[in-house]
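Novice: If you're matching them up, the sequences are chains C and X in order.
Here full-length UniProt numbering is used: position 267 in the first sequence is 267, and no number is missing along the way.
Here full-length UniProt numbering is used: position 244 in the second sequence is 244, and no number is missing along the way.
A couple of the hints might just be wrong.
Unchecked claim - Simulated restraints on C-beta separations:
| # | chain 1 | residue 1 | chain 2 | residue 2 | range |
| --- | --- | --- | --- | --- | --- |
| 1 | C | A248 | X | D129 | 38 to 48 angstroms |
| 2 | C | D163 | X | G154 | 53 to 63 angstroms |
| 3 | C | P135 | X | V234 | 50 to 60 angstroms |
| 4 | C | D163 | X | D128 | 33 to 43 angstroms |
| 5 | C | G111 | X | P135 | 32 to 42 angstroms |
| 6 | C | E49 | X | D129 | 28 to 38 angstroms |
| 7 | C | E132 | X | L162 | 28 to 38 angstroms |
| 8 | X | H136 | C | D200 | 43 to 53 angstroms |
| 9 | C | E52 | X | D200 | 40 to 50 angstroms |
| 10 | X | A231 | C | G176 | 41 to 51 angstroms |
Don't read these hints as lab results, they were simulated from the structure.
All residues carry an ideal CB built from backbone N, CA and C; glycine is no exception.
There are 2 protein chains.
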Amino acid sequence: MSDAPIGIFDSGFGGLTVARAVLDQLPGEPILYLGDSARQPYGPRPIAEVREYALEMLDQLVREGVKMLVIACNSASSAMLRDARERYAGIPVVEVIFPAARRAVAATRNGKVGLIATHATVTSRAYDDAFEIAPHIELTSVACPRFVEFVERGVTMSPELLDVARAYLAPIIEAGCDTLILGCTHYPLLTGVISYVVGDGVTLVSSADETAKDVYRLLHDRGMARAEAAAPPVHRFRATGDPDVFSAIGRRFLGPVIGYVESPSDTSVFRLTP
Amino acid sequence: MSDAPIGIFDSGFGGLTVARAVLDQLPGEPILYLGDSARQPYGPRPIAEVREYALEMLDQLVREGVKMLVIACNSASSAMLRDARERYAGIPVVEVIFPAARRAVAATRNGKVGLIATHATVTSRAYDDAFEIAPHIELTSVACPRFVEFVERGVTMSPELLDVARAYLAPIIEAGCDTLILGCTHYPLLTGVISYVVGDGVTLVSSADETAKDVYRLLHDRGMARAEAAAPPVHRFRATGDPDVFSAIGRRFLGPVIGYVESPSDTSVFRLTP
Chain C
1 MSDAPIGIFD SGFGGLTVAR AVLDQLPGEP ILYLGDSARQ PYGPRPIAEV REYALEMLDQ
61 LVREGVKMLV IACNSASSAM LRDARERYAG IPVVEVIFPA ARRAVAATRN GKVGLIATHA
121 TVTSRAYDDA FEIAPHIELT SVACPRFVEF VERGVTMSPE LLDVARAYLA PIIEAGCDTL
181 ILGCTHYPLL TGVISYVVGD GVTLVSSADE TAKDVYRLLH DRGMARAEAA APPVHRFRAT
241 GDPDVFSAIG RRFLGPVIGY VESPSDTSVF RLTP
Chain X
1 MSDAPIGIFD SGFGGLTVAR AVLDQLPGEP ILYLGDSARQ PYGPRPIAEV REYALEMLDQ
61 LVREGVKMLV IACNSASSAM LRDARERYAG IPVVEVIFPA ARRAVAATRN GKVGLIATHA
121 TVTSRAYDDA FEIAPHIELT SVACPRFVEF VERGVTMSPE LLDVARAYLA PIIEAGCDTL
181 ILGCTHYPLL TGVISYVVGD GVTLVSSADE TAKDVYRLLH DRGMARAEAA APPVHRFRAT
241 GDPDVFSAIG RRFLGPVIGY VESPSDTSVF RLTP
């Protein structure tokens with residue numbers, strides 16, 4: 001058992017969907033989230049640079065004593081998973097690509113799997129590599145660079161977004177994919193529009209949810225969970241860029257908190273006779 | 001377009017997973033959540049009583065001018081969906097059973113679908129009815145009454161929970177189900193342990209996520225969404241029982257909010273040179 005936090009790293013905000021899935025499944029575990037918001041997005045940077053930045057971030061998490069590292073960023077995962085495993089021997093490292101790829105292989109009925117992701121992730125061919133040993137899988141990859149901007153603006157149903165989504169997703173529909181990997185940690189917040197466009201017959205695989213399942217499994221199997229009776233965990237969020245910007249955009253990802261709860265006596269309109 | 005809130009009703013807390021999925025997918029829409037926490041759980045009550053209570057709750061939401069009703073409770077859905085549609089003609093009513101059943105039919109590869117739910121939902125045979133026109137689907141239903149208690153206590157990895165989960169899920173594994181419906185709105189918060197026990201080859205269908213997709217679709221197709229440029233929405237939570245208890249348990253469902261965000265200058269341990 002260990003009271004140390006789970007370290008979650010992303011280039012910016014997207015990894016917060018992973019953080020939230022971990023918080024959902026492991027509400028007793030403290031997390032330390034580190035977003036490199038000063039240097040995001042990593043997508044357009046050369047792989048060597050992504051690797052350098054990402055290892056610098058993970059070094060910081062390790063110095064803070066995290067018990068596990070979660071690389072909650074597809075671009076970083078594809079650039080430096082192997083380096084991280086070598087560098088931090090003894091600290092388990094979880095990333096976002098393999099959990100989603102595994103789930104897609106299990107879910108597809110016709111072997112036609114779609115991938116939507118950033119330019120960087122698509123061109124890294126990290127998912128193609130993950131599917132290397134499953135030759136019956138036919139992967140259709142589409143870069144959807146503009147989705148991130150809509151998520152961060154909180155726009156999920158504008159005519160403009162629907163046009164963009166229809167254009168991005170046309171090759172997925174044309175290929176007859178029955179399973180679609182949301183290969184960018186921002187995309188779970190566009191499930192509504194994506195499902196609307198591809199139809200509800202298509203199984204959506206969220207790399208955030210699948211990664212949280214891996215974190216759960218690893219924590220259990222290695223006996224690293226926090227004691228059940230411990231005090232409520234304290235979560236920490238750290239950003240290399242402007243903390244206020246991080247806080248504002250981050251709210252879109254972690255959602256609102258329940259503030260004041262009304263009761264029946266609050267208003268005469270509500271007359272309850274329970 | 002309409003600025004009116006989306007009304008979400010549940011017997012207590014579970015519907016908050018539906019509320020959160022709606023908030024994720026439609027961050028611009030105000031919601032009015034009504035939990036009948038004074039009279040929960042509905043599960044053990046006779047259907048006629050569930051119907052009476054649930055219609056009373058929906059009446060209140062309608063009086064508050066909601067533009068759509070979401071019955072975020074499996075027990076209530078199975079008891080009074082038809083009544084609600086008749087009673088509130090003109091206001092779209094979304095419930096949690098059909099969206100999940102539809103998704104399961106699309107997802108299964110071998111036709112063997114599992115259902116875990118409360119006693120009330122299993123004995124109502126509401127999911128059996130939903131699958132009536134899909135005779136190739138072989139449904140294995142298991143009531144998991146104790147899961148709710150673990151969720152509300154925030155326990156997701158204790159040896160006791162794992163024992164309970166293994167016992168509950170044994171018939172699902174034995175039947176060879178490749179798809180499992182989480183037929184109670186509490187269960188998405190146990191995805192980690194459920195997936196751990198049944199294995200990651202099984203596709204989990206969350207009625208919360210599927211219901212949110214239906215809300216998205218309906219709102220779009222009927223042109224009922226709020227204007228994009230409108231001010232941030234105000235969400236309201238109302239409970240028939242103790243507001244403080246609701247607020248405390250509710251936090252487990254909606255998750256923590258990002259409070260203070262650290263920046264590199266906060267501590268000398270973190271020296272960043274971006």
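Novice: Now tell me, hint by hint, if it's right for this structure.
Specialist: To see whether the hints hold, each was checked on the structure:
no.: 1; hint: C:A248 to X:D129: 38 to 48 angstroms; verdict: 46 angstroms, holds
no.: 2; hint: C:D163 to X:G154: 53 to 63 angstroms; verdict: 43 angstroms, violated
no.: 3; hint: C:P135 to X:V234: 50 to 60 angstroms; verdict: 53 angstroms, holds
no.: 4; hint: C:D163 to X:D128: 33 to 43 angstroms; verdict: 41 angstroms, holds
no.: 5; hint: C:G111 to X:P135: 32 to 42 angstroms; verdict: 26 angstroms, violated
no.: 6; hint: C:E49 to X:D129: 28 to 38 angstroms; verdict: 57 angstroms, violated
no.: 7; hint: C:E132 to X:L162: 28 to 38 angstroms; verdict: 34 angstroms, holds
no.: 8; hint: X:H136 to C:D200: 43 to 53 angstroms; verdict: 19 angstroms, violated
no.: 9; hint: C:E52 to X:D200: 40 to 50 angstroms; verdict: 33 angstroms, violated
no.: 10; hint: X:A231 to C:G176: 41 to 51 angstroms; verdict: 43 angstroms, holds
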